[in-house]
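When you get a sec, could you build the whole thing from the sequences and use the hints?
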Amino acid sequence: MMHSSSLATSLISLCCGLRKFLMLLPVAMSISFVSCTEGEQPSDDPQAVFQSLWRNIDEHYCFLDYKKEELGVDWNDIYAKYQPRLTPTMTKLQLFEVLCDMLSELRDGHVNLYCSADVGRNWSWHEDYPENLSTELRDRYLGTDYRIAAGLKYRILEDNVGYVVYESFTHGIGEGNIADVLYFLRTCTGLILDVRSNTGGQLNYAEMLSSHFTNERILVGYTAHKAGPGHNDFSTPEPQYLNPSTTIRWQKPCIVLTNRSCYSATNEFVRNMKECPQVTILGDQTGGGSGMPFTSVLPNGWTLRYSACPMYDARMEHTEFGIQPDIPCALDSTDMAKGKDTLIERARKEITKAVEKEGNNRVTQATQQKLHP
Amino acid sequence: MITDVKKNLSGRLWLLALSLLWGTRLCAQELPPTAGESSFVLGIGRSHQLDTYLSPIEYKGKQVTLMQEYHHTLRRNPGVSFGSVWQANGAACNNWHNGIDLWAADIHYDATWQYQWQMKRLRGLTLKAGGGVGLTLGGVYSTRGGNNPANAHLQLRMLAALGADYRFRLWKRDWRVGYHLDAPLCGAMFSPHYGQSYYEMFERGHYDHNVVFTHPANCPSLRQRLVLDIPVSRKGRTRLRLGYLSDIRQAKPNHLEQHQISRSFTFGMVKTLGKR
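Same order as they appear, the protein sequences are chains R and P.
Take 2 as the starting number for the first sequence in the working numbering and just add one per residue.
Take 90 as the starting number for the second sequence in the working numbering and just add one per residue.
Honestly, the hints are just simulated from the structure, not real lab data.
There may be inaccurate statements among the hints.
[Claimed, not checked] Quick list of the computed label-pair ranges, beta carbon to beta carbon:
id, chain 1, residue 1, chain 2, residue 2, range
1, R, Thr88, P, Ala277, 47 to 53 Å
2, R, Glu39, P, Arg258, 45 to 51 Å
3, R, Pro238, P, Ala177, 53 to 59 Å
This structure is a prediction, so every number in the text was calculated from the model and none was measured.
Backbone N, C-alpha and C fix where the C-beta goes; we use that ideal spot for every residue, glycine too.
Pasting the structure below:
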């Protein structure tokens with residue numbers, strides 16, 4: 002009896018105390034809180050997906066004004082053109098097709114839409130042009146006894162010209178690999194660096210490789226980023242300098258072979274090499290792709306990739322649509338029939354020419370020194 | 090009846106205001122020195138993650154929280170208590186049922202100094218108010234990202250903290266209900282700029298407003314904890330803690346939007362340290 006009465010007293014005092022205590026809670030745990038950040042919610046609704054994609058590009062894509070100038074693409078007009086194609090009952094693949102058509106207007110290889118069944122793309126940057134590369138011919142030049150240093154395949158051709166193939170900047174290379182390759186080729190009269198159909202990869206590798214072709218710190222370009230959702234909201238472009246490698250640096254003529262499939266990081270590599278002394282770009286215009294791509298996700302789970310950070314050359318010009326070669330050269334069918342790669346043969350001639358020119362200059366300089374000691 | 094309640098409430102508010110003005114020396118006379126207390130709880134709940142640097146989509150998933158809390162009354166100034174809270178969160182979010190889309194992990198540390206008042210008119214109730222400093226380290230990782238796969242969280246803050254503890258006896262044991270709230274007032278946080286890549290920052294060394302001054306308008310955040318301590322030992326030195334944790338952290342730096350909102354049920358142990 003005693004026990005139950007003390008329990009009842011305790012419970013009553015507890016209830017009174019708790020009631021008073023709870024009065025002091027500032028509506029506390031029920032506070033839903035003023036939210037200043039609201040994200041998009043997952044949805045399969047075609048309108049929601051379309052709006053999200055359109056807004057993603059509108060606020061984050063870095064070339065909208067440039068594409069308007071070059072291609073006449075107005076992103077507001079694009080909305081008006083493609084939004085009426087949506088229907089509430091359309092299938093996922095139909096929606097995918099509409100969205101891919103819309104993104105294709107940007108003609109950007111870094112703009113892709115990924116769903117489980119397909120990858121939306123516009124590869125006109127290389128599909129609309131001759132490849133200017135025959136891998137079969139290239140393999141003939143490499144032979145079977147070529148060396149491999151990480152991502153670099155290399156050998157010395159019969160006329161004592163070094164030949165290096167770098168197929169993808171996704172294949173890792175290190176300073177040691179490059180130094181070993183250049184040391185092996187040190188007795189060559191010149192170097193052919195073949196990056197045809199290298200569609201890019203890591204910018205670090207592109208920078209590392211090009212740093213072996215300059216003795217001085219040189220300005221190679223500028224980089225910027227979006228600083229807000231407006232089409233013109235960009236940060237102040239920051240200069241990009243190429244620092245010379247502290248290991249072996251190539252001092253002889255170097256020819257870089259390019260085609261339309263040189264894209265993204267390879268485009269940046271060619272941009273850097275173009276500023277290096279002793280380097281000549283030979284072949285076709287590069288494919289471009291100067292915007293560093295970011296990814297985003299749409300409400301239905303599809304992944305969107307788009308160019309986010311523009312990179313410019315040393316003259317603050319866009320390289321989004323490619324870089325012109327110093328010596329334009331195309332693969333000739335007659336040469337191909339003879340088992341010759343026109344670009345490699347032309348590069349060998351240019352190296353011979355450069356070596357002869359260098360030799361003549363040395364003779365002239367020596368003669369002048371003798372005449373005017 | 091309503092008038093009585095109003096009178097009681099206004100009386101308490103006056104008491105609180107006067108206590109604040111009087112300072113801690115008066116409180117020190119009223120409060121007996123108490124020993125330190127340490128608690129360790131595990132929380133399981135739901136998490137909402139948003140970071141528009143990665144994607145405009147809000148991700149939802151499960152979250153696990155580990156929280157270690159320690160506080161003691163200052164020996165020289167018994168009207169002030171020092172508290173430290175370590176909170177580690179790990180969240181795995183999945184929006185489309187095809188694997189984990191987003192991982193998030195953060196460690197928060199907060200050190201607070203709070204004045205404490207024992208209410209005379211309501212025995213067992215202690216109110217606390219004060220402030221402190223806090224640090225957050227962590228990040229969020231999207232499994233879909235290319236050049237923007239992750240975003241780091243680094244924040245230093247000054248915060249305001251409020252609390253109320255109510256001790257009561259039930260079944261001859263000391264129980265306690267507590268409510269604690271803290272919110273950052275100002276500070277600084279790291280954030281990439283709107284479309285800036287980590288490559289630009291850390292490979293090229295191009296910085297652009299990457300340290301952002303935070304205040305309640307661009308970083309409205311609030312952490313609330315409601316706990317019930319259930320005595321399990323006779324002496325009451327060890328208690329089982331059940332609780333609810335509402336943790337809302339938001340930020341709007343450089344035109345980007347971030348939030349980590351979680352609500353968890355927590356359980357763990359509380360141990361009284363030293364002599365009571």
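These are the hints, each one checked on the structure:
The hint said 47 to 53 Å for the Cβ distance between threonine 88 of chain R and alanine 277 of chain P, and at roughly 49 Å that hint holds. Checked against the given bound of 45 to 51 Å, the beta carbons of glutamate 39 of chain R and arginine 258 of chain P, roughly 46 Å apart, stay inside it. Checked against the given bound of 53 to 59 Å, the beta carbons of proline 238 of chain R and alanine 177 of chain P, roughly 41 Å apart, lie outside it.
Checked against the numbered hints above, the structure breaks only hint 3 and satisfies the rest.
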